[in-house]
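Trainee: Chain by chain, the residues:
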Amino acid sequence: MRTPPTSPELNVETHRYALTLDAEGNGEGTFRIEATGDNATPYKGRALFGTGKLERWAREHLWLHRSDVRQARFEEQRDFAASTIVTGDFGARRVFARGLGAASLIRLADILDGWLPALYADRTTPFAWRWLATTDLEFALTLPDNVTVSALPENVTITSPIGEYSLTWTRSGQVITATRHFRRTRRVIEPAQFAEAAAFREKVATAELNAVVLRFGGVR
Amino acid sequence: MKRLLLPLLLSSGCATTSALSTDWLTKEQLTWDASKYPDDAAVVLYRADRTLLETIGNDSSEVLRHEAIAIQKEGGFDVAEVRIPFNTRQQLIVLKARVLQPDGTVREVQARDVLVDTNGKGERDTQAKFFRFPDLRIGSIVEYVWVVRTPWVIGADDQDTLGPWPVREYEFELTGSRQLVFETIEYNSQQPIDVTTMNDGRHRLRFSLKDLPPREPEQWMPHWTFTEPRWAWRILGYKASSLITNNWFRTWPDIVESFGRRAWTDRTLFSGLKDRPDFSRCTDARCKVDVATNWVREKTTTVGVDSNREIDLAEAWKSGKASARERAMILRWVLAEAGVEAQFAFTTAGLSRQTAQSFPEWDQFNRLHVWVPAQPSIPRPIAIELEAEYCKAGQLSPQVQGQNAFVFWFTGGTVGSGESHGEWTRLDGEEAVGNVERFTHHARLDESGTLFDDVEHRGEGEASEPLQRTKQNTHGREFTRLFDNIAGQISALTHHDKERWLECDRLTGRCGKAWSVRAPRYAVKDGKSWLVPLTALHSLYETFDASTRKHDLHIRAGAGVVEESFELDAPPGFHVAQLPDTLNESGPGVSVRIVAERTKTGVRLSRRVSLSPGAYSKETYGRVRATFGHFQALRNTLLQFDPD
Chain A
1 MRTPPTSPEL NVETHRYALT LDAEGNGEGT FRIEATGDNA TPYKGRALFG TGKLERWARE
61 HLWLHRSDVR QARFEEQRDF AASTIVTGDF GARRVFARGL GAASLIRLAD ILDGWLPALY
121 ADRTTPFAWR WLATTDLEFA LTLPDNVTVS ALPENVTITS PIGEYSLTWT RSGQVITATR
181 HFRRTRRVIE PAQFAEAAAF REKVATAELN AVVLRFGGVR
Chain B
1001 MKRLLLPLLL SSGCATTSAL STDWLTKEQL TWDASKYPDD AAVVLYRADR TLLETIGNDS
1061 SEVLRHEAIA IQKEGGFDVA EVRIPFNTRQ QLIVLKARVL QPDGTVREVQ ARDVLVDTNG
1121 KGERDTQAKF FRFPDLRIGS IVEYVWVVRT PWVIGADDQD TLGPWPVREY EFELTGSRQL
1181 VFETIEYNSQ QPIDVTTMND GRHRLRFSLK DLPPREPEQW MPHWTFTEPR WAWRILGYKA
1241 SSLITNNWFR TWPDIVESFG RRAWTDRTLF SGLKDRPDFS RCTDARCKVD VATNWVREKT
1301 TTVGVDSNRE IDLAEAWKSG KASARERAMI LRWVLAEAGV EAQFAFTTAG LSRQTAQSFP
1361 EWDQFNRLHV WVPAQPSIPR PIAIELEAEY CKAGQLSPQV QGQNAFVFWF TGGTVGSGES
1421 HGEWTRLDGE EAVGNVERFT HHARLDESGT LFDDVEHRGE GEASEPLQRT KQNTHGREFT
1481 RLFDNIAGQI SALTHHDKER WLECDRLTGR CGKAWSVRAP RYAVKDGKSW LVPLTALHSL
1541 YETFDASTRK HDLHIRAGAG VVEESFELDA PPGFHVAQLP DTLNESGPGV SVRIVAERTK
1601 TGVRLSRRVS LSPGAYSKET YGRVRATFGH FQALRNTLLQ FDPD
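Chains as they are written, first to last, in our numbering: chain A, 1 to 220; chain B, 1001 to 1644.
If we strip away everything but chain B, and leave its shape as in the complex, we get (with noise of 0.2 angstroms):
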């Protein structure tokens, strides 16, 4: 990333100037109690989010961010540096910036303060102007207002995160020309949006917020939008005459439709993709979607990539790398060239952000998969999933199977013309490969209370991924050192060694690796018997080890199986005196098992605990965290062997 300083952007990018208020905040406004808030480093005292949309003369759009922080740790000095994100067709017509020290001096940051990132240089690229507040203390606020000016109505739009501190005051103020028409929802919020008309006709949207509270991160907490208050808006359409309005994005397939024609009919976009599957000895529509489909697998990976990058694709081609995107805009061109009918579904994983079906909206989508419409040899619909590297066609992972999805097409075929359509329907595809781990145990204690355990770990699905990841950057003594973790959870004495990798393949979502461990002192004698720990067993460390729950649980990765067995023959001469209890138990979105049985030389413990996919209120909390105690609780169990 490269950062020019650039001297000039405030007199020269402000000679422009707001028809947006980019008054400083009164003193009032800027005087807060800091005993409200003991231990946030920062207090957002106010935030406003204003777009001003102009179609009279020439169309523009103007969005204003105004934010004043009080910083009351060392903490907040994360607040110095802010970041404004435009392109290149967009202008910063002002920049106003200054701290007010506790001692109630005042600075206005100088244009020499102000950085420029010229990472992106294209027409959809994101820049950014990043600028650093100087001379940040205990006490301080920090404020800033910046406009940026858009040469075109910007169409539509939703809140960003208030972020991590607690928010005393913020406002949302939306103002368009009398020809818009708007559609506006709110969520988590019973505030409602002001909707007023000025007097020159202009429409005016209002949503005022007081007294957020910090956000407070936990595990499996939800998207920040399904719990913070936030807006969207959007333009349905444009009155050109009080009889006649033009939709804009009124319907879904509008929302979709400026990508839609790219994909469709931007050939420039794939001139410099080569590269075909050989589809020689395919007879129907059927071989050639699992041709293709499979070619795009095995050419391109998606680790690492953003799921929604979109770069030159012949660039992204030859890397090897692609984003899913990338990968379904690929293959349906390649598909539609062979003669294949094939279309896109765009959707949400599940429980990835909060959706509204009611509200068209592009940034509800985050997944784009490959629809084949039924068709000869294809009797069903089939969509392809490119995210996850173990989907066939027609497989789908447990992020995105029983999702809603927009299913589209674009008609006419040539750049500046045509529609597109689309309807909504439920993603329903073949189960691909179960998220599961395994463990499998066949371990031994010798008569000095040594243990000797043999392990194996599979991993299946998304279980899998971060295993393949180890495989592909740890090499040699990295990989062993690997173990050392492992071996540390039984004991500082315990030794590993046999470390290796089992079949290990991205396509079929399968890879494992198997080691050995020597444990002395696992065992303690007591009088004629010997107490056997379990802690051998994989360690779910911190998994539910919280007591209380602030936020509902939202499980989604790290959702599937683990399932662990341990076959423990007996010192000779010793057998196991009692078996633990057998248990089949259920809570809100898990379940565990429990199977102890005897074996000829010892014992073989058996457990599972499976969590699903899903929202679950904190009411439940307490339930499932007992529910899944019982599969933390065998670890922390001890056998005792007896002699015969």
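Isolated chain A, as found in the complex (with noise of 0.2 angstroms):
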């Protein structure tokens, strides 16, 4: 008798960013992350925890770099609910990397936390994730007036053994959002599959690289 698996749909944690951005990169907004099952366990761990420190907890939890909670909360829920929900207010500075002259450039290899391990071709023992799951990330940005956007990154889809990884950008006036998902569909990646990995994750990797171009209209 064993404990049957569970899946990537049962446990699953979603990132919700908003952020307008200055001229300098630097922004303020809101973010609401939601978590179910297993992924939900360090944020009911953290509402039954307790320790007065609730804004440094939830800055460390944020998937974007140099981020800095103003204000966190814990939505409520009822007792056994299926998800948890942190929502608060934060701002964040260098989103995008200035440019000298007209163009700068936001790269999501850049500012944002990477999913995936590295794992190296000397390692001899298999990589386990505690469980599979599926994260996302909608991560919105609204720029300045005077600012013009390149074309934006094709959106990309990678499957492999290993899980399934999208990337989508969307852009509504000044407005662009990524949305980024992934599916953890192998719990265990035995040495043999390592190479398989390496690619996948390359792939991925070269996908965050793509950047939006920024263009500033005017003097900076």
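These are calculated hints, taken from the structure and not from any lab test. Heads up, none of these hints are tricks.
Below are the DSBU-like pairs computed for lysine-lysine, each with C-alpha atoms no more than 30 angstroms apart in a straight line:
no.	chain 1	residue 1	chain 2	residue 2
1	A	203	B	1528
2	A	53	B	1073
3	B	1550	A	44
4	B	1525	A	203
5	A	53	B	1036
6	B	1036	B	1210
7	A	203	B	1498
8	B	1210	A	53
9	A	44	B	1073
10	A	44	B	1036
11	B	1550	A	53
Relying on the hints, combine the two individually framed chains into one complex.
Mentor: What follows is the structure, encoded as structure tokens:
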């Protein structure tokens, strides 16, 4: 008799960030984190544990670098609710690389935590995720009025036995939104599969290095 | 650490009663408004520290701790374990503990729940008993009272931290025989210490506080002694009659006398230490000072040893690891043996704790130096720092440079007699090698936008110490894995190789490592130009990232200089279109310099940030952060290479 394996659909962590940026690439906005199943465990734990430093704790859970949580709160949930939700306000610095001329650059690889482990050829032990899971990020950036945006990077979907990844870009007026999705489909990666995993990670990294070029009009 | 169950402790230990009140708190005292502490896992409802000093009949002291803590969330379960520190000559005479559950039930802790730690067995070793509250729940209140009796009169004490939780009520009380003359001091508080004379002539000092906020850690936050209201007391003297008062801890020499007497006269401390430095080539005192100092530095290391540890000196010597205090005791002894006049200088490392030179107190000191006064061949006194591995005789690290130090010596020479003497002076030594980190890049960009970068990272002074420790502790594949994070800060596509250590020497305070990276897709093609990020620069992640500040800034560890030079060759046929502006900016405690220049093949960028040790008010934080931000921002700047 074995405990049945869990599935990526039961352990889902979704982050939504909305930031309004200034001309220096600094921004203020809101975040919302919703987690279910095993992914909710650290959030539920913090809600029960309590240390009086909720903002600091929340900052460590955001996937965006150089962010500073101003305010965080748990949304009231009934006992044994399916999900745990944390919302709050935050700021972020240097979201885009600031050019000396008109052009600046946004690359997700420069500002977001990676989701995939680096597996090196000299490793001899299997890599094991603690559970199968799905992670989703919706990252909406409102750009200053005097900025025009180059063509957005192509949307990508990458599938492999290790997992499924997609990255899509959309634009509405001055708001560009990146939506990143990863579904772990294999919990244990054997050394024999490391080459396959490395190839998958490389494709994902390449997608996240695709840049959005911003052009500033007027005097900066 | 060995812990034994001590089932009879309560029955045997509590056979004696205390003259201090050990009554449980009332129901009203244990009621609290949880809505006042919405995000605190626990609240200290009440804490009392009481001391009773008795000189009538047998001399003795009793120290009481009484605490009641309400648990609001699971993080508060840490309060379940209570530690009672005392040494083998002291006796735990009262231990009462109970848990009040949210449903109103009350359970007293039984003797079987008491554990004892038998780690320390010496007279000066601190032993401790632990007990653990059972069955804690959200809403439980734990309450305990313990009293430790000491068979002598304690001469001085100061307040321990109240911990990280909010405190609703705190009381301190000191009661002493009328023969004792006290002096007290309070820090960080406007609440006066109330002094009364009781009917029997005893003196009582009281100090109470209400509604203290929780402590919230921040980067470079002041040591808790700078922020928490607290007290200290000491006995100045003992009135033998109405005319005669014997001094006790009246002056600074009184404070250090016990230590001085041991270090000067107790030969047993040094009897097992057979090694001696080779003075054969020395003809004067200066030579002996240098030889003996280098001998101690070469034969022992302070890495991983508490500065003020004091174990058997021969044992410490044999292990090759010695504390700064042990090193100082050994060094002074061998210098004195060799005919060099040598003394001690005690000081407090800069900003390591709040001090008051007007209030002589042993606990203020945390750094011991050997002090060599002027004498033939030594025209000016020499302070010898033994904490920092890289300080030669006469060199001082930034932590103690410029600090006030109490220089003292002992005269008399036999056990049980003699006298200590001393005076305050300022530690002004030769600057030790500074705390500097240097990153040097020689990089080039190829036609596909791939970056090739050869990097060296060197640390000097304090900055060399983490590198030395890493070198000592990581080998083979572990070493190459260290660079995964560095490469990962550029991109997940970045590879590293040629990892190697550069010269490392703990005695000169220098160490470095080098590596190479290859970062595909580093630059972005934009029409005919290349847009080139600078994410290959070192990332000082999380430094001054927080936008607001609750405490003053106390920059001590980590103060120093970071310098980085980045030489980047453009792809063949390209040149840099525009250079970043040169920048020189200073704010409180921080200065930044950025210089950019064209080279024949591309561009050279230099940036430097200097953090000066010191205390800076929280009101200046915005300026500090903004100034430091210029250094960080260069890493976020985008260069453009245009075709020639």
